[in-house]
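2 protein chains.
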Amino acid sequence: MKPVKVGLLGLGTVGTGVVRIVEGHQEDLSSQVGSPIIIEKIAVKNSDKTRSITVDKHKLTEDPWEVIRDPEIDVVVEVMGGIDLTKEYILEALDRGKHIVTANKDLMALHGSEILAKAQEKQCDVFYEASVAGGIPIIRTLIEGFSSDRILKIMGIVNGTTNYILSKMSQEGVSYEAVLEEAQKLGYAEADPTSDVEGLDAARKMAILGTLGFRTNVELKDVSVRGISQVSKEDIAYAKRLGYEMKLLGIADREDDHVSISVQPTMVRKGHPIASVNGVFNAVYVYGEAVGETMFYGAGAGEMPTATSVVADLVAVIKNLKLGVNGLKAIVPYKPKKLKSDEQIAFKNFILLHVDDKAGVLAKITQVFAEFGVSLESVVQQPNELNPEAEIIIVTHNASKASMDKVLQHFEGLDVIRKIKSVYRVEG
Amino acid sequence: MKPVKVGLLGLGTVGTGVVRIVEGHQEDLSSQVGSPIIIEKIAVKNSDKTRSITVDKHKLTEDPWEVIRDPEIDVVVEVMGGIDLTKEYILEALDRGKHIVTANKDLMALHGSEILAKAQEKQCDVFYEASVAGGIPIIRTLIEGFSSDRILKIMGIVNGTTNYILSKMSQEGVSYEAVLEEAQKLGYAEADPTSDVEGLDAARKMAILGTLGFRTNVELKDVSVRGISQVSKEDIAYAKRLGYEMKLLGIADREDDHVSISVQPTMVRKGHPIASVNGVFNAVYVYGEAVGETMFYGAGAGEMPTATSVVADLVAVIKNLKLGVNGLKAIVPYKPKKLKSDEQIAFKNFILLHVDDKAGVLAKITQVFAEFGVSLESVVQQPNELNPEAEIIIVTHNASKASMDKVLQHFEGLDVIRKIKSVYRVEG
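Chains as they are written, first to last, in the numbering used here: chain A, -19 to 408; chain B, -19 to 408.
If you're looking for bench data, these hints aren't it; they were derived computationally from the structure. Possibly wrong hints are sitting among the right ones.
Note that identical chains are pooled: a pair holds if it fits in a single copy or bridges any two copies.
[As the list claims (entries may be wrong)] Calculated cross-link-like contacts (lysine-lysine; reagent style DSSO-like; alpha-carbon spacing at most 27 Å): (1) Lys165 with Lys317; (2) Lys39 with Lys(-18); (3) Lys37 with Lys98; (4) Lys302 with Lys315; (5) Lys102 with Lys299; (6) Lys67 with Lys338; (7) Lys250 with Lys220; (8) Lys299 with Lys98; (9) Lys299 with Lys133; (10) Lys381 with Lys299; (11) Lys98 with Lys302; (12) Lys165 with Lys399; (13) Lys133 with Lys98.
Working from the sequences, and respecting the hints, build out all of it.
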């Protein structure tokens, strides 16, 4: 049988894993697809670099175009990262009739619709399972496993770095800064952690999940984002005391045909399946109208988990290749996008206020909630041991974002409130 | 576009859900497959029965052969259950070139290989996602999501009835008999609960998962089975005290190319993802060489979750139909089956002994473990408050089944042991 030839763009962590799996599992893989799989050419930054795997020097090139333009290559596996130039490579590869497997969430979140449109035009496959939640096959699950259902809500812990930081803060009662420093030493966080800790990485993944789950074209700009850099150990202590775990959650939900997508630190009630996902693990919780609650858990990053998803996509592309059906099963978002307004977005809120410790304060505060129609689930007032002020901890019932914004705006001008210390979304 | 015509065998719980989804989500479904989906004919036991959905009377028949033999029908969805006669229907439908979607674990566990062989011969699809773990798309995950990986272990809570019973026993400290009675009243357990509580239902599902995970033909007779009817509330109390939850686990594992598959009540260490799966929920934990730990969680039964999987299969069949590739992606187990011997099967054990309360007893007992090469993780001896005897609680390190059988056999003849009270597998 004619071997299938693969070109690899990038030989970093994930690329190395891909080579390991394709070579190490060759027998299993070729039994499934009906022919050998050969990694024909690999584009790298530096072909003289010492590597943890042995690669035939003749396969390496420092020019990605050599991979893209090689007429022998059937499938291009892109694990080099990057956005603009990488997009050029991929569009050109598609133009030449090559199929694409990519792990690139940035690219897919920003230019997914353009790339998928080109793929459809050229009858090519573009698979990107590894772009969200590493080793968890969540993209196929949304496309195929729940093709019959109407997905109403997706909640994801889709960034391992921030989950590691929040888990550690919760388990050890230490500060954000201390854990971040440790995570950087361990290699769980980058030297510049902005993209992770400010929620941007999670937002990109949620744009992809929202598009697939709701079959409408969710763009990165549609995702409201708040990171974890302002989460204090005190906030986490309050969360625990009230029976919640603090998690950076991506939340995509829909009501009728209106959707909203956000990423924010969220207090999740203990007992909810996603509340106990700790460390660098990822999990995606999916609520479907028919199927109800489901959750998918696993490693969100790392050489071998991510490579597992990349090679599973490669197997799928090659099976399609053998059957001559590449590009024919692509999911094109077919629903017009309707974003929820701030009046339609509703959730529970946790609010921690520092207030004057005197009579009538609570009445003034609860009056503001009443005025804007926000009803309260619980209110606790307690003295603050250090200052001549009191703390008020409020958990609201579901309230619209519009109403909550007005309440908080009003609080800014209320003289009895010394500080709006924290506000968090509450789930579960 | 020409509509796709579906014949339904059975209109019980799951069949009703299938009709609800196909009719209720018609627009979404036809957008995906490119043509309307029509449920053309439905075989029922009693066509005069009052039902919770409105069905055109003319579509009902009491003769399944009418569905099988209708030349208009493209796909047969089998949700009637049963084994021998149902197998005949399905084989005949395949002979007539119809594709099959089934939720029938009994049929697939017992006759899966014969049915799949016939399907391959006739180039037809046979999909059976709903046969294991209801709404959790675990079969596609094993076939496609992890096609690139080498799966080393699958642990499943794949029977909701027994998980409900054990969860309740654990949470409320009540007896097996009391919870079973309650579960029967609530409809979570059948009037004759044998198939569930004795582990047979779980064993059938594990045969299916083992076959897919290890790509070798696991048969029901290869699964060693022990149910939960002998689990006492005391056992569960001991488990909790030692930091475990008692779960009926299906466990399929492999080392090199040797596999073992079993179902048994198992003490799972708290903190393991599967330990916190409670109530009627199902979960399948998959450990892959490359991907590491993953877990998939959701409803294991029920009208709508199970119907979600059935209709997702139907969508997949119809997409294949449009592409003309039915039957071409079938997974045929290609590895020769090698079962682990009792010397190769190894796990940790919990053992509770009632012994004479006198000097030298513990020495005699630990001597037996030493003789057969079983090393111990922990040993606790404590007086029994009610009797002039002591309890010894032992947790072993990994020990071969063969050695443990010899130890237990030896214990039978040891005069200081009054009773081998309980023995459980330990995981996590």
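Verification of the supplied hints:
no.	hint	verdict
1	Lys165 with Lys317	neither (42 Å within a copy, 46 Å between copies)
2	Lys39 with Lys(-18)	within (19 Å within a copy, 49 Å between copies)
3	Lys37 with Lys98	neither (33 Å within a copy, 48 Å between copies)
4	Lys302 with Lys315	between (32 Å within a copy, 22 Å between copies)
5	Lys102 with Lys299	both (18 Å within a copy, 19 Å between copies)
6	Lys67 with Lys338	neither (61 Å within a copy, 78 Å between copies)
7	Lys250 with Lys220	both (9 Å within a copy, 19 Å between copies)
8	Lys299 with Lys98	both (21 Å within a copy, 21 Å between copies)
9	Lys299 with Lys133	between (32 Å within a copy, 26 Å between copies)
10	Lys381 with Lys299	neither (47 Å within a copy, 41 Å between copies)
11	Lys98 with Lys302	both (21 Å within a copy, 22 Å between copies)
12	Lys165 with Lys399	neither (35 Å within a copy, 54 Å between copies)
13	Lys133 with Lys98	neither (29 Å within a copy, 40 Å between copies)
When the structure is compared with the earlier hints, violations turn up for hints 1, 3, 6, 10, 12, 13 and for no others.
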